[in-house]
Amino acid sequence: MDEPFAESGFGDESVLVLELKRNNPEVIDQVVERYTKPLFAFIVRIVDNQATAEDIFQDTWVRVVRNIGSFRGDCRFSTWLFQIALNLCRNQMRSRARRTFVDIEEATYLAEDPEVDGMKILQAQKIRRLVASLPPKMREVIVLRYYHSKTDIEIAQVTGLPSGTVKSRLHRATELLRSKIESAELTVPSAEVE
Amino acid sequence: MNRISDEQLHKLLGQFTVSGPGPELVAETKRLMRREMAVQAAPVRKGQTGMILAMSAFVLLICFNLFYVATVGTLLKRLLPGSYEVYLNHSMLGISAAAAAMVCGMAVMVFFKAFQPQRALSH
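Protein chains in written order, with my numbering: chain H, 1 to 194; chain S, 1 to 123.
Hints in this document: simulated from the structure, not taken from any laboratory. All figures in this text were calculated on a predicted structure; none of them were measured in a lab. Be aware that a few hints might be false.
[What the hints assert, rightly or not] Restraint-style ranges between C-beta atoms, simulated for each label pair:
| id | chain 1 | residue 1 | chain 2 | residue 2 | range |
| --- | --- | --- | --- | --- | --- |
| 1 | H | 73 | S | 52 | 28 to 34 Å |
| 2 | S | 55 | H | 73 | 35 to 41 Å |
| 3 | S | 22 | H | 63 | 26 to 32 Å |
| 4 | S | 23 | H | 63 | 17 to 23 Å |
| 5 | H | 152 | S | 60 | 46 to 52 Å |
| 6 | S | 51 | H | 69 | 22 to 28 Å |
| 7 | S | 40 | H | 133 | 39 to 45 Å |
| 8 | S | 62 | H | 24 | 42 to 48 Å |
| 9 | S | 113 | H | 14 | 22 to 28 Å |
| 10 | S | 111 | H | 136 | 22 to 28 Å |
| 11 | H | 175 | S | 35 | 19 to 25 Å |
| 12 | H | 66 | S | 56 | 44 to 50 Å |
| 13 | S | 94 | H | 15 | 52 to 58 Å |
| 14 | S | 35 | H | 74 | 24 to 30 Å |
We treat Cβ as the ideally placed atom computed from N, Cα and C, and that holds for glycine.
Using the sequences plus the hints, can you model the full thing?
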């Protein structure tokens, strides 16, 4: 599970935004390092394609620089960043038929990590397919909630949906995911007993 | 089968991890961002912009006058006695002044719109 964002507080974020607005190139390293991992993971999980995710990742950051003047601070910078990425993902998915991961590439990709054993790779692939099999609108809310620990309000801000719609969609998506997990016969980790 | 709890769902989905992007991609992204930032920070060629604005204002002024002459002016010239012609000619100046005032208003609006983001920085 990805860390929500290693932010020490909104104050730091606003300083980064201010420096971006001032076109200070020195802030680029800091801002990219800070948000790269969660942003890239988010895009990969939404588009389910490594190459497309890389293109969208680059495009998102270029758009951040181009449009930072229009960021009014109504929401967190990370939320705005995810908004841009999600819009690009939606455009991408609309414009071309979705491609799927080539399993062998995926396996090689995961196998580079010596701590990951074969069973875990298979399990991870099954879960990836499961998440990818959700309808795009449901996938968006599931990814934002379960991988990025976003609140209902933050999900509403990122997706541009009313808060009530987010709640109902999240409920329906979770139910669908549960039923898919049950029918896929995945090894469900046991809940911790307190 | 027991219902999968929210905690179990969290744990299960957590097994699908995604590695961060490669260092080459991150480096290339930073380079693109710097280039975009340089474009954003580049001073606007004021001479060219000023010329375009002046031409647009002039064209707008001419359009106003032609519209006035072709519609209201023509109508009044036919309806009013010949002694009023001098007033009609003067009214051309009036309509020019009104058009100039509108152009100035638009310029002021554009100025404040363009400088609003910079102003917001000071808050």
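Status of the hints after comparison with the structure:
The hinted window of 28 to 34 Å between residue 73 of chain H and residue 52 of chain S holds, with their beta carbons roughly 33 Å apart. As the Cβ distance of residue 55 of chain S to residue 73 of chain H is approximately 38 Å, the hint placing it in 35 to 41 Å holds. A hinted range of 26 to 32 Å for the beta carbons of residue 22 of chain S and residue 63 of chain H is inconsistent with their spacing of about 21 Å. In this structure, residue 23 of chain S and residue 63 of chain H meet the distance hint of 17 to 23 Å, their C-beta atoms being roughly 22 Å apart.
In this structure the hint that residue 152 of chain H and residue 60 of chain S lie 46 to 52 Å apart at CB holds, the actual value being about 50 Å. Here the CB-CB span from residue 51 of chain S to residue 69 of chain H is close to 25 Å, well matched to the stated 22 to 28 Å. Between residue 40 of chain S and residue 133 of chain H the beta carbons are some 41 Å apart, a value that agrees with the proposed interval 39 to 45 Å. Taking the beta carbon of each, residue 62 of chain S and residue 24 of chain H are about 45 Å apart, inside 42 to 48 Å as hinted.
Against the hinted window of 22 to 28 Å, the Cβ-Cβ separation of residue 113 of chain S and residue 14 of chain H comes to about 24 Å, which satisfies the hint. Under the hint 22 to 28 Å, the C-beta atoms of residue 111 of chain S and residue 136 of chain H, about 43 Å apart, miss the expected range. About 46 Å separates the C-beta atoms of residue 175 of chain H and residue 35 of chain S, a value inconsistent with the hinted range of 19 to 25 Å. Between residue 66 of chain H and residue 56 of chain S the beta carbons are some 26 Å apart, a value that contradicts the proposed interval 44 to 50 Å.
Between residue 94 of chain S and residue 15 of chain H the beta carbon distance is about 54 Å. The supplied range of 52 to 58 Å therefore holds. Between residue 35 of chain S and residue 74 of chain H the beta carbons are some 28 Å apart, a value that agrees with the proposed interval 24 to 30 Å.
Going through the hint list in order, the structure does not satisfy hints 3, 10, 11, 12.
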